[in-house]
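Visitor: Okay, here's what each chain looks like letter by letter:
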Amino acid sequence: MANEKDRVVVIGGGLAGLAAAMRLAEAEIEVDLISMVPVKRSHSVCAQGGINSVNPATRELGDSEWLHLDDTVYGGDFLQHQPPVKEMCDWGPRIIDLMDRLGVSFNRTPEGFRDQRRFGGTMYKRTAFAGATTGQQLIYALDEQCRRWESEGLIRKFEYWEFLGPILDDNGICRGAVAQDMFSMEVRSFPAKALILAHGGCGLIFGRSTMSMICTGGAAGRAYKAGVKYANGEFFQVHPTAIPGTDKLRLMSESARGEGGRVWVPRKPQDERDPRSIPESERYYFLEERYPKYGNLVPRDIATREIFDICVNDKLSIDPERLCVYLDLTHLPSETHRKLEGILEIYEKFQATDPRVTPMKIFPGVHYSMGGLWCDFEKDEKTGGLALGSPRNHQSNVEGLFVIGEADYQYHGGNRLGANSLLSCIFTGMIVAPSVQNYMSSTNGGATDPPSTLFEREAARHQADCDALIARDGNENPYTLHQELGDSMTRNVTVVRDNAAIKETLVKIDEIEKRYANAALTDKGSWTNQNLSFTRALGDMILLARVIAEGALKRDECRGAHYKPAFQIKPPDAEDPAEMRRQAAEWCEAFAKQIKRWLKTTIAENTPDGPSFSYEAVDTSLIPPRPRTYGLKGAEIIDEVWKQRMAGEQAGAPTEPVASV
Amino acid sequence: MSKQVTVAVKRQDTQTSGSRWETFSIPYEPGLNVTTILQRIAANPVTVEGESSTPVAFDACCLEEVCGACTMRVNGRVRQACTALVDNLLAEQPDRITLEPMTKFPVVRDLHVDRSAMFESLKRVHAWITADGYFDRGAAPRMSQDAQEDAYPLTTCMTCGCCVESCPQFNDGSSFIGPAAISQAVLFNEHPVGKFDANARMEVLAGDGGIADCGNAQNCLKVCPKNIPLTQSLAKAGRAATKYVISRFLQK
Amino acid sequence: MAQQAAKTDSFAVRHHFLIRRLHSLCGLVPIGVFLCIHLTVNASINAGAAEFETQVGYIHALGWLLKPVEIMFIFLPLLFHGVLGLQIWFSGQPNVSTYKYGGNFRYMFQRVTGGIAFVFILYHLWHMHWLGAPFGGGKFIAHGEGMTESAATAMQDVVFGVPASVLYGIGVLSAVYHLANGIWTSLITWGITIGPLAQRRAGYACSAFGVMLAVVGLSGVRGFKTFEPEADSHMVGVDTDVPPPFVKTVSDPGGS
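Protein chains in written order, with the numbering used here: chain C, 1 to 661; chain G, 1001 to 1252; chain U, 2001 to 2256.
These aren't lab readings, by the way, just hints derived from the structure by calculation.
Bear in mind that the values here come from a model prediction, so they are computed numbers and not experimental data.
Warning: the hint list may mix true and false statements.
[What the hints assert, rightly or not] Straight-line C-alpha distance at most 25 angstroms; calculated DSS-like pairs for lysine-lysine: (1) C:LYS382 with C:LYS349; (2) G:LYS1104 with U:LYS2100; (3) G:LYS1010 with U:LYS2139; (4) C:LYS554 with C:LYS524; (5) G:LYS1226 with U:LYS2100; (6) C:LYS339 with G:LYS1226; (7) C:LYS349 with G:LYS1226; (8) G:LYS1010 with C:LYS524; (9) C:LYS349 with G:LYS1222; (10) G:LYS1123 with G:LYS1226; (11) G:LYS1003 with C:LYS349; (12) U:LYS2225 with G:LYS1222.
This is chain C alone, in the form it adopts within the complex:
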């Protein structure tokens, strides 16, 4: 066995963590893979739709990696650094080929090639898919590869082990991680030359979300507490149609509306009648009334906002306890029902009601964290993409600590494009390996051995924290606190954001934090204590909730998923063409100001007094930001004015030098 200190520790066995472990093993670097669940059960399994890349069929129609990049940054409202995104889009075809070779059963065309479907935010059929379980298929392929390396001794898996924190030496260099066996509750150090965090998203901060029970943000919170910066925390994607369950929210595909499903609420608040007996005149088809042109097929973000608005502001939720509206398919012919069979069965399985005869109850659900732990990158000036193998790629501000997958913040900006997340997770895992390898062989990174007392000290510190939490007395219930936190976050910090409301939530977070100090465990045992694990994670959720809420409060603009109507640039409304043009120029002026002020990465750093915020310029060196005018009145004129403006700037004084990181 090689030197223990030459190992790499990977936290999290989803797509990103497994891809990284597999590539490190290929390079004959030994890996300790730590995961709270058997890696095969990681949250990546939940991704249904597919994985994007340019492919021969789209190329034929004029598509290119550059257009994939353009769609991604446009969809993300230009908030992401462009070189990593460019690199990801360039790798897309290669990654899909690789997954194909690893045995993923992608759907096929009659000629036997991989089939693709079209997803939101693009004009091209870029999305390869394996039935309705693409994420599951992809992670299984990587799981199988890691099992192979495991049987060859290069990967050691520590499943049912929970990450407690990175080990930083006196110089602030990361030397490994401390983790706890979730069965025996043993706390131990895992010395390593480099630590890769691939712990995924943190949707549980919002109580119920579409995320898995392990997506608490516990690992992110612990890294943040240890000094890793947290970036763009306020950017969270909310899916418009999820099935509200008693334990979690489950996705309801957009195709339900695509096939003619109608969204409505009874005009009488909390009408208790059977929905089928409510006459047409007493139903409020709010999307159709408010958006006569698009009807129920308004874009995702608008649908999300309107459903949220009707329940929270108009208080027209069907169910007083649980916010939801009807998504009605009962009027559709049986052929359509047959077409939608797959998704109708999911609804039936979990709700035990037949959506063919009773309208479905749906509500937007927190779905994906675009933000995450901050990490660096190095641009290759020649390609415009990444300098591959640079130790800076995906390394956080803590030396030797790398972040990949949904845990990082780099690829999706203000809003994620459907089917890009699977790509970004595998991609980051693939490219972090050579960066880690180069970091390990570089002289400054972990070359000198830390004192062995460091590992004992860190394990003892975390053990003491566990003991203190177990011993804590108090009358607060961690599960109730979690519910209160989630309710407040969901109400005020998801879809529609208003500063007064966010402040309310921040007050609530203060309160919850105080009460958390009195949260006592009902299980004080030292064997498989899930109560301890949950209560500890709640502390991290509170920490990150504040980062998210304060970040949202500070960002006074609308960008991507962050929608704050009070700071929306007033759209043109003139009928007269000249006036329209003037208003469009005004709009563009305001937009240019907004870019200057807000096209920046939010960076939160942990201090004893709460998060300290700073803002970092975004690398937009490849594609200059432009307005997202979808659905705006006068969109064509705004586009035209903006283009003229940009042309003028280029001809005259050069634009500000592109910010580099």
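Given chain C's structure and the hints, the job is docking chains G and U onto it.
Guide: Just chains G and U now, kept in the frame of chain C:
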């Protein structure tokens, strides 16, 4: 008082301790499932007798029936706790819902069992494709739509353990690796590249604990939450093993 | 790498697959085939004692070869199939009380009927076969072997009692179920019927075969029970010491 649901949970504190039953009463609500019940118990672990207890340990993750974590015996029958809806369970057995750990795996605590044996079986049957490396080498060979449609259901196996739990042949006294692992071996043996390693898998399928130990009770097919055609995989494995052993014998 | 059977493993472990396949095979051939012949021959009593005697005669025409053939092709396979079968039975844990599925019941019945058949065959051998003679059994003696009585009447003697015929009924039914279901499972085991539809169709065929063989088998039991030697003028009473005439010379198809 609102409608209550009575839930009896078989509890076991450690791997070696004995088990006992505890009964809880949970307020009914529409759409309630077993994982929610366990969350509700965790939030307020007080038995019907009014005694303070501890949260019930259980394994769960996605709650969407794709991760395979929350397998347990609900009303005696193995299934995923997330899709076990209270309304349906009460129709099966009106007075109470019973929750027990799986019987074929060592209990860690309460409803949480250790299924590492299943993952070890996947190692034994060589359930992967031996890729040369992870560099750019183009796509896999083309595959017909029919072949993809045959393979797809097998690829949805989430190693949940329902099949082996219900299999009378899978137990302490037998070395049978169970339908899930055999089905994965069949999946890879039929893959255009995976079949290059077919002999290594066949050695296991035609060995002790392999396909010969299947007793054709076919419970696996009935309990599989993903409706994987496991019996078809088992029969395919039988055919392949027959051929393999004969040809191995003749070629020696 | 997948584990290969290590040299240190026992013979049974190293040759597990082969042994199980042999178990399956000898259940079909020769045991299954023999069962069919045996039950058919027995059923021929319904066509008259003479017919039955003729059939028995064919078997015994083997003369001195009969014993080695019996041992090689019936007793050894039976012993192997039975002992291994019991081991297979005890290595499983039937769970029909929890999983009340048709297939699961078939699985359990296969084991139970195998067990019953095995015990029954032991009893039957003691009762009828020369192997049982030293232990007070061995009632059935065919002609040409120092025959003291007719094969048919010997049969009637032993099966005539109600308890014995019930026992034989159960034994025959168990063996028939075990064979019919065994054919169905062996079609899967050997990889002949793969898909659910193929297996269902094979199920119908095996059920039909089983019902037919059961009718044949039970008719034999019933035939011996109801067969009246007195009605057949050529038959000699059981209790006489007079050697009966050579059966083959006596032929009266309408005898029963």
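Visitor: State for each hint whether it applies.
Guide: Each hint tested on the structure:
1. Under the criterion of a C-alpha separation no larger than 25 angstroms, the hint pairing LYS382 (chain C) with LYS349 (chain C) is inconsistent with the structure, at around 53 angstroms.
2. Restraint check: the Cα-Cα separation between LYS1104 (chain G) and LYS2100 (chain U) comes to about 18 angstroms, which is no more than 25 angstroms; the hinted pair holds.
3. Proximity of LYS1010 (chain G) to LYS2139 (chain U) is assessed by CA-CA distance (about 58 angstroms); at most 25 angstroms being required, the pair is judged violated.
4. Proximity of LYS554 (chain C) to LYS524 (chain C) is assessed by CA-CA distance (about 40 angstroms); at most 25 angstroms being required, the pair is judged violated.
5. With a CA separation close to 20 angstroms, the supplied pair LYS1226 (chain G) and LYS2100 (chain U) stays within the 25 angstroms bound.
6. For the suggested pair LYS339 (chain C) and LYS1226 (chain G), the alpha carbons sit about 20 angstroms apart, so the restraint of at most 25 angstroms is met.
7. Only pairs whose Cα atoms come within 25 angstroms are accepted, and LYS349 (chain C) paired with LYS1226 (chain G) is accepted, the gap being roughly 12 angstroms.
8. For the given pair, LYS1010 (chain G) sits about 20 angstroms from LYS524 (chain C) by alpha-carbon distance, which is consistent with the 25 angstroms threshold.
9. With a C-alpha separation of about 17 angstroms, the suggested pair LYS349 (chain C) and LYS1222 (chain G) falls inside the 25 angstroms cut-off, and the hint holds.
10. In summary, the hint linking LYS1123 (chain G) to LYS1226 (chain G) is supported, as the alpha carbons are separated by about 22 angstroms, within the 25 angstroms threshold.
11. Proposed proximity of LYS1003 (chain G) and LYS349 (chain C) is supported: the alpha carbons are some 23 angstroms apart, at most 25 angstroms.
12. The straight-line distance between the Cα atoms of LYS2225 (chain U) and LYS1222 (chain G) is roughly 44 angstroms, outside the 25 angstroms bound, and the hint therefore fails.
Checked against the numbered hints given earlier, the structure breaks hints 1, 3, 4 and 12 and satisfies all the rest.
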